[in-house]
Amino acid sequence: MQTGATKRGVLPGFGLTMGYSVLYLSLVVLIPLSALLLNSTGLTWGKFWEVATDPRVLASYKVSLLTAAAAGLIDTVLGLLLAWVLVRYDFPGKKIFDAMIDLPFALPTAVAGVSLTAIYSQNGWIGSLFEPLGIRLAFSPIGITLALMFIGIPFVVRTVQPVLQDLDAEVEEAAATLGASRLRTFRSVVLPELLPPLLTGFALAFSRGIGEYGSVVFISGNMPMKTEIAPLLIMSKLEQFDYAGATAVALLLLLISFVLMLLINTLQRRVRKTVR
Amino acid sequence: MSKAKTKGILLSLVLAMSVVLGACGSDSGEKTSGGAGETLELLNVSYDPTRELYESYNKAFAAYWEKEKGQKVEIKQSHGGSGKQSRAVIDGLEADVVTLALGYDIDAIQKSGLIDEGWQQEYEKNSAPYTSTIVFLVRKGNPKGIQDWNDLIKEGVEVVTPNPQTSGGARWNYLAAWGYALHQNNNDEAKAQDFVKQLYEHVKVLDSGARGSTTTFVERGLGDVLLAWENEAWLSVKELGPDKFDIVYPSESILAEPPVAVVDKNVDKRGKREVAEAYLKYLYSEEGQTIAAENYYRPTLDSVKAKYADQFPDIKLFTIDEVFGGWAQAQEKHFSDGGIFSQIYLAK
Chain A
1 MQTGATKRGV LPGFGLTMGY SVLYLSLVVL IPLSALLLNS TGLTWGKFWE
51 VATDPRVLAS YKVSLLTAAA AGLIDTVLGL LLAWVLVRYD FPGKKIFDAM
101 IDLPFALPTA VAGVSLTAIY SQNGWIGSLF EPLGIRLAFS PIGITLALMF
151 IGIPFVVRTV QPVLQDLDAE VEEAAATLGA SRLRTFRSVV LPELLPPLLT
201 GFALAFSRGI GEYGSVVFIS GNMPMKTEIA PLLIMSKLEQ FDYAGATAVA
251 LLLLLISFVL MLLINTLQRR VRKTVR
Chain B
1 MSKAKTKGIL LSLVLAMSVV LGACGSDSGE KTSGGAGETL ELLNVSYDPT
51 RELYESYNKA FAAYWEKEKG QKVEIKQSHG GSGKQSRAVI DGLEADVVTL
101 ALGYDIDAIQ KSGLIDEGWQ QEYEKNSAPY TSTIVFLVRK GNPKGIQDWN
151 DLIKEGVEVV TPNPQTSGGA RWNYLAAWGY ALHQNNNDEA KAQDFVKQLY
201 EHVKVLDSGA RGSTTTFVER GLGDVLLAWE NEAWLSVKEL GPDKFDIVYP
251 SESILAEPPV AVVDKNVDKR GKREVAEAYL KYLYSEEGQT IAAENYYRPT
301 LDSVKAKYAD QFPDIKLFTI DEVFGGWAQA QEKHFSDGGI FSQIYLAK
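Chains as they are written, first to last, in full-length UniProt numbering: chain A, 1 to 276; chain B, 1 to 348.
No wet-lab data here; the hints were simulated from the structure. Just so you know, these numbers come straight off a predicted model, no measurement behind them. We put the beta carbon where it would ideally sit given N, CA and C, even for glycine. Any given hint could be a false lead.
To be verified - Residues from chain A that face chain B, not an exhaustive set, calculated with beta carbons under 8 Å:
no., residue
1, Thr53
2, Arg56
3, Phe139
4, Asn222
5, Glu239
Said to hold, decoys possible - List of simulated lysine-lysine pairs, DSSO-like, C-alpha gap at most 30 Å:
no., chain 1, residue 1, chain 2, residue 2
6, B, Lys238, B, Lys191
7, B, Lys72, B, Lys281
8, B, Lys333, A, Lys62
9, B, Lys204, B, Lys76
10, B, Lys197, B, Lys154
11, A, Lys62, B, Lys144
12, B, Lys125, B, Lys238
13, B, Lys244, B, Lys144
14, B, Lys265, B, Lys67
15, B, Lys316, B, Lys154
16, B, Lys244, B, Lys140
17, B, Lys84, A, Lys226
18, B, Lys69, B, Lys281
19, B, Lys281, B, Lys316
20, B, Lys125, B, Lys265
21, A, Lys226, B, Lys144
22, B, Lys281, B, Lys269
23, A, Lys226, B, Lys333
24, A, Lys62, B, Lys305
25, B, Lys269, B, Lys69
26, A, Lys47, B, Lys333
27, A, Lys47, B, Lys84
28, A, Lys226, B, Lys125
29, B, Lys204, A, Lys226
30, B, Lys238, B, Lys333
31, B, Lys265, B, Lys84
32, A, Lys47, A, Lys273
33, B, Lys72, B, Lys269
34, B, Lys204, A, Lys62
35, B, Lys281, B, Lys307
36, B, Lys111, A, Lys47
37, B, Lys333, B, Lys316
38, B, Lys191, A, Lys226
39, B, Lys140, B, Lys238
40, A, Lys47, B, Lys197
Using the sequences and the hints given, assemble the complete structure.
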């Protein structure tokens, strides 16, 4: 029965698990996505292009992608720092600190948005400190980035943390005994190992940021051409029963995100190859 | 791949599918209603700020119906943004009646075939049992001296209003401003557009919904004036303290008509037409109108109107039909892609 190429695994159950995977992937991802495609087939190509490249829509793509990228980058740096502290040091309250990292996952995003706006608006605790300097935190792209940073930080910490845990301190000690400076040790020994998870964390935080709606609408101010994010425009089209238009905007956004994800994944594979 | 494996995959697919289908089917045991002694269930799909109104009205109607027909009726409410609620009904939420913020959202349900044509003539007053209007909520003492629409575009005045493209309720705000400007300028559309453009230049935060704007104005303390539905303005004043805000009535505003309709397909399918129609009709009764007035909606019945005359100052009100020729036209001209609202922002 067995064809030459396939090798029987040690553990049974391939058929069962694969069947479930295919089914769930279909139900949860593929079918909704194809419904998305079907919805937009009400549009001709010309109309689709016109809707998806409307100046206001393009501006919203720009806002969404730039703020998500900025938030992803900042999260990558801060997330590494957080993971480092959590793995390498012992301090009282560490367990609580560790658990708190996951809070942004559990908190309804609208709650996050409302509380962030309360703090960062020009009358809030932090916002009022920046107002005299002429820097407006809430209701500006900075506000959107802040909200996305909040949403994205657990992704970076949780991808970097396990890798950092597995990293042998002996290797660093060996580097040190061989005369490497601290910076050199970090750059040549630690960082290459961490680069793949950092990239994954960035990709997750970034893509989560592109789609985030709930928290952003409260803090962004939603000014067309300036702080209007693409998901809001999609909602706005739905509100006018323009299903096809909404789908057109969503599709192009999806396409851009997909290409970016693909690029990041390729980059990651390359990094992994050079490391190993 | 081996045959056994393929079989295994297929088998598990079937298994999993049946689990999913089983879960879906379990709630299909819907019983058809009818006959005394059984409790009738009615689902009223409404928009956000009517929650308190329908909480009291449902009790009143249940008592009335039991007395009239000896039938118990339990009314369930669903609230959310008007447009979202409309889409939910179109997508299959089994509403028996809809009570939404604007006719456009009910028109959309009609287009899907669930509501028969001519719903707006089904009940009196354009099927709007209670009305409202757009007023200004200002900080106590009205420090910026805002009296009318043209004060909103004065130097240094910041206006808070939701985005009319994401909030159905806020479309009334926009149209009220437009109608005022039109009347001030002898129906000169270009001037009206200029006024509305200036007005939205004074808006620094466009929240996605009415509650969001209220939060921005009340909790964050941003802006000098909030454009709000009259009932929302009264609620804010009542709940947040009359020592903090004042309500200013402009010289003229729009008559906001939040309409109601029976969802014909759904009630006929389950034999609930009689009670659903009575439910909406009773909104026009003395009791229904009083409950509306108590919840700061303008009653349409003269006797109740007279009783609450103090609460609802008599200002000049124009309707959407008079100035804009109905929702379909207003929507197309102002809020569609490339409509006037979008142009305001593209022109910058």
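A quick look at each hint next to the structure:
no. : hint                 : verdict
1   : Thr53                : 12 Å, violated
2   : Arg56                : 6 Å, holds
3   : Phe139               : 5 Å, holds
4   : Asn222               : 4 Å, holds
5   : Glu239               : 4 Å, holds
6   : B:Lys238 to B:Lys191 : 37 Å, violated
7   : B:Lys72 to B:Lys281  : 18 Å, holds
8   : B:Lys333 to A:Lys62  : 27 Å, holds
9   : B:Lys204 to B:Lys76  : 38 Å, violated
10  : B:Lys197 to B:Lys154 : 13 Å, holds
11  : A:Lys62 to B:Lys144  : 37 Å, violated
12  : B:Lys125 to B:Lys238 : 29 Å, holds
13  : B:Lys244 to B:Lys144 : 14 Å, holds
14  : B:Lys265 to B:Lys67  : 28 Å, holds
15  : B:Lys316 to B:Lys154 : 23 Å, holds
16  : B:Lys244 to B:Lys140 : 5 Å, holds
17  : B:Lys84 to A:Lys226  : 25 Å, holds
18  : B:Lys69 to B:Lys281  : 15 Å, holds
19  : B:Lys281 to B:Lys316 : 27 Å, holds
20  : B:Lys125 to B:Lys265 : 23 Å, holds
21  : A:Lys226 to B:Lys144 : 28 Å, holds
22  : B:Lys281 to B:Lys269 : 21 Å, holds
23  : A:Lys226 to B:Lys333 : 23 Å, holds
24  : A:Lys62 to B:Lys305  : 52 Å, violated
25  : B:Lys269 to B:Lys69  : 21 Å, holds
26  : A:Lys47 to B:Lys333  : 19 Å, holds
27  : A:Lys47 to B:Lys84   : 25 Å, holds
28  : A:Lys226 to B:Lys125 : 42 Å, violated
29  : B:Lys204 to A:Lys226 : 11 Å, holds
30  : B:Lys238 to B:Lys333 : 37 Å, violated
31  : B:Lys265 to B:Lys84  : 20 Å, holds
32  : A:Lys47 to A:Lys273  : 44 Å, violated
33  : B:Lys72 to B:Lys269  : 20 Å, holds
34  : B:Lys204 to A:Lys62  : 20 Å, holds
35  : B:Lys281 to B:Lys307 : 21 Å, holds
36  : B:Lys111 to A:Lys47  : 22 Å, holds
37  : B:Lys333 to B:Lys316 : 24 Å, holds
38  : B:Lys191 to A:Lys226 : 26 Å, holds
39  : B:Lys140 to B:Lys238 : 13 Å, holds
40  : A:Lys47 to B:Lys197  : 28 Å, holds
The structure fails to meet hints 1, 6, 9, 11, 24, 28, 30 and 32 from the earlier list, while all remaining hints are met.
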